[in-house]
Amino acid sequence: MTTNISFLLNGDQISYEIKDHWTLLHLLREEMGLIGTKEGCGNGECGACTVIVDKLAVNSCLYLAIDADKKTIETIEGLASTDGTLHPLQQSFVDNGGIQCGFCTPGMIMSSKALLDENPNAGREEIKHALAGNICRCTGYIQIFESVEAAKKMGGQNE
Amino acid sequence: MKPFKYLSPTTVEEAISFYGQHSETAKYVAGGTDVIVKVKEGWIEPDFLISLKKITELSDLHKNEATGELSIGAAVTHATLEKSLMIRNEYPIIYDAVSNIGSLQIRNVGTIGGNLINAVPSADGAIPMIALDGVVLLHGPDGERSCAVKDLFVSPYKTILKPGEILKKITIPPQRPHTGSAYIKFGRRAAMELPLIGIGVLLTVEDDLETCTKARICLGVAAPTPMRAFEAEKLLVGKKINEDILRQAGETAADESKVRDSVRGKAWHRKEMIRVQVRRMGLACMEIIWNNN
Numbered sequence: 001m002t003t004n005i006s007f008l009l010n011g012d013q014i015s016y017e018i019k020d021h022w023t024l025l026h027l028l029r030e031e032m033g034l035i036g037t038k039e040g041c042g043n044g045e046c047g048a049c050t051v052i053v054d055k056l057a058v059n060s061c062l063y064l065a066i067d068a069d070k071k072t073i074e075t076i077e078g079l080a081s082t083d084g085t086l087h088p089l090q091q092s093f094v095d096n097g098g099i100q101c102g103f104c105t106p107g108m109i110m111s112s113k114a115l116l117d118e119n120p121n122a123g124r125e126e127i128k129h130a131l132a133g134n135i136c137r138c139t140g141y142i143q144i145f146e147s148v149e150a151a152k153k154m155g156g157q158n159e
Numbered sequence: 001m002k003p004f005k006y007l008s009p010t011t012v013e014e015a016i017s018f019y020g021q022h023s024e025t026a027k028y029v030a031g032g033t034d035v036i037v038k039v040k041e042g043w044i045e046p047d048f049l050i051s052l053k054k055i056t057e058l059s060d061l062h063k064n065e066a067t068g069e070l071s072i073g074a075a076v077t078h079a080t081l082e083k084s085l086m087i088r089n090e091y092p093i094i095y096d097a098v099s100n101i102g103s104l105q106i107r108n109v110g111t112i113g114g115n116l117i118n119a120v121p122s123a124d125g126a127i128p129m130i131a132l133d134g135v136v137l138l139h140g141p142d143g144e145r146s147c148a149v150k151d152l153f154v155s156p157y158k159t160i161l162k163p164g165e166i167l168k169k170i171t172i173p174p175q176r177p178h179t180g181s182a183y184i185k186f187g188r189r190a191a192m193e194l195p196l197i198g199i200g201v202l203l204t205v206e207d208d209l210e211t212c213t214k215a216r217i218c219l220g221v222a223a224p225t226p227m228r229a230f231e232a233e234k235l236l237v238g239k240k241i242n243e244d245i246l247r248q249a250g251e252t253a254a255d256e257s258k259v260r261d262s263v264r265g266k267a268w269h270r271k272e273m274i275r276v277q278v279r280r281m282g283l284a285c286m287e288i289i290w291n292n293n
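Note that the protein sequences, when read in sequence, are chains A and Z. The numbers in this note's numbering rise by one with no breaks, and the one at position 11 of the first sequence is 11. The numbers in this note's numbering rise by one with no breaks, and the one at position 3 of the second sequence is 3.
So that you can see chain Z by itself, here it is in the shape it has in the complex:
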């Protein structure tokens, strides 16, 4: 591995100032499960790695019980999310997605912010954050700004982050009562493998426990960046949720997707799995809603 100097700032401001000194010869790193591979392979050759590990605010995970807002620091590891009972009980879609990222060794070190910033089309971590209407807070040389997680991605491996900007946290707005959410990483095997297709569904229903007031259908590996199937979502809102309408939503989502052939599978197979899994994840949402009532 090409030598570099490792810098360990303790505040975001200090990290940004290090970046200011070294600009493009520097690279931010958190868990390192993607960055170190890139350095080892010679895909990037930074002279400085600016570690975000010692910036304590980036590892903060908490729910504000007064407002119902969930705050996930960018350097929170996948394993921390996976082990959190609050996440497992209240945000099952996050649990579903992070518990099958890489391997336990990767999840113990790799971070949710890093997973978003790496911006692979399959990013398991992105789908739940989009389905939950997550917002990212960015901090760079020009100050802070925020944007919806769904608008973070530009193209494969590219986000809207400007040079020197750091993703600080992801904020999840309060969830309404009678909300269920589920994600499936569909492929030959979950661990140590990128999904053939990733499907996240979130449904909110009225007090009658069947009329849909909000739907999110989010797809990974279905387009160059994680996407929402807006038409399929519209189809569900205002309707009573049952297997039939979910089947229609699956058809619509498959039509909306921009799947293509790759080494992991063919486009037709991906479409077929969107049809099936949107329905199944929708039913899983309803199970959660009924069980929690």
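In isolation and in its complexed conformation, chain A is listed as follows:
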């Protein structure tokens, strides 16, 4: 019950022998050591595990790794430049208090990135609609929405 898959992860071509029942979250965190993506509920309710698959935000806890075959995956690890310069969304969350405990942040930022990549001019309602599946128990969301709006002005979409 193992299968070889290949996919593009944060710009790198990856081949991996996986077990059929692994989730993408398991592959990223437990097998590849990319622990930026968080596991919250494990049932698709909280959005902490959000990654981008072929430009769409998905819950990696419910997405089977085998379905990532031939796909393009983006995780929080792929956002900052190699010299450590943060992506505009990351910088904006820091500057605008969009982070408190930080556990929901990678998921929030990946959902925001998927939104701004598709719609660089997303308004407040569109931001709320896109982030409705990301639960934060600290901020009350206002600073998060403000962070996304500020990132928009900084060019939060793909350069």
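Beta-carbon label-pair distances, calculated as ranges:
id : chain 1 : residue 1 : chain 2 : residue 2 : range
1  : A       : K55       : Z       : E193      : 24 to 30 angstroms
2  : Z       : R145      : A       : G97       : 54 to 60 angstroms
3  : A       : M32       : Z       : I44       : 24 to 30 angstroms
4  : A       : C101      : Z       : A148      : 45 to 51 angstroms
5  : Z       : R145      : A       : G36       : 47 to 53 angstroms
6  : A       : G36       : Z       : K258      : 44 to 50 angstroms
I should point out that these hints are in silico values taken from the structure, not numbers from a laboratory. We put the beta carbon where it would ideally sit given N, CA and C, even for glycine.
Put chain Z on the given structure of chain A with help from the hints.
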């Protein structure tokens, strides 16, 4: 999660033949937003998951402009429906319902067919399909058959599907001119929450833009399965649509419903909301009809 083997057929026939080999040890899966949760929680323990993702015909979404018939493949995702301008403009009731299912992460992966097959009493996806007189096409070991979406549901979490059968597509017959439709998922919040009550209304009127020739009033979480309020519908047909008659239809629909108390709300509250929302959705239908004229 208990290990399973993942099979990826490319045709419906191949999927059914996989099921024939493994029968009840196998489970079909499309988006997986319900099935994977069930496997993770240990509610089901399949040895084989038969994925329907690589069967291209199941992801087909198109309207036949010659006949006016809309065809929605069972594996079309909620997000695909939500983003389709054709759906948004011509079938607003579908847009209203699918754009608040789960979260965007769920809608990007979860499918309309899966939403129907899962057969929860609240299935947001079912209400518009019933209101639009949708028909499902099923394909199983004994061949194809079809049935109205409203007859698909037997009881909570149970449909008429036989072992090995696959829901292939939902067909929506052509809509008459001067038709409006609207759905509201009513609850504390729309996202990541099941509705307290789901209300879909579709109205068709004559060229005078007020006399009703067809009415559909469909309710979710109002009975063990999605239901139509037939008496309320009858009340509207042949009448001039105004707020008064819609209020009466709301009363009738509330009386027809089989609402009950649950953790999300009390029966009396649900009835009250049916009264209010049938009227409001009816008015929303009329707004759409007037705006499109």
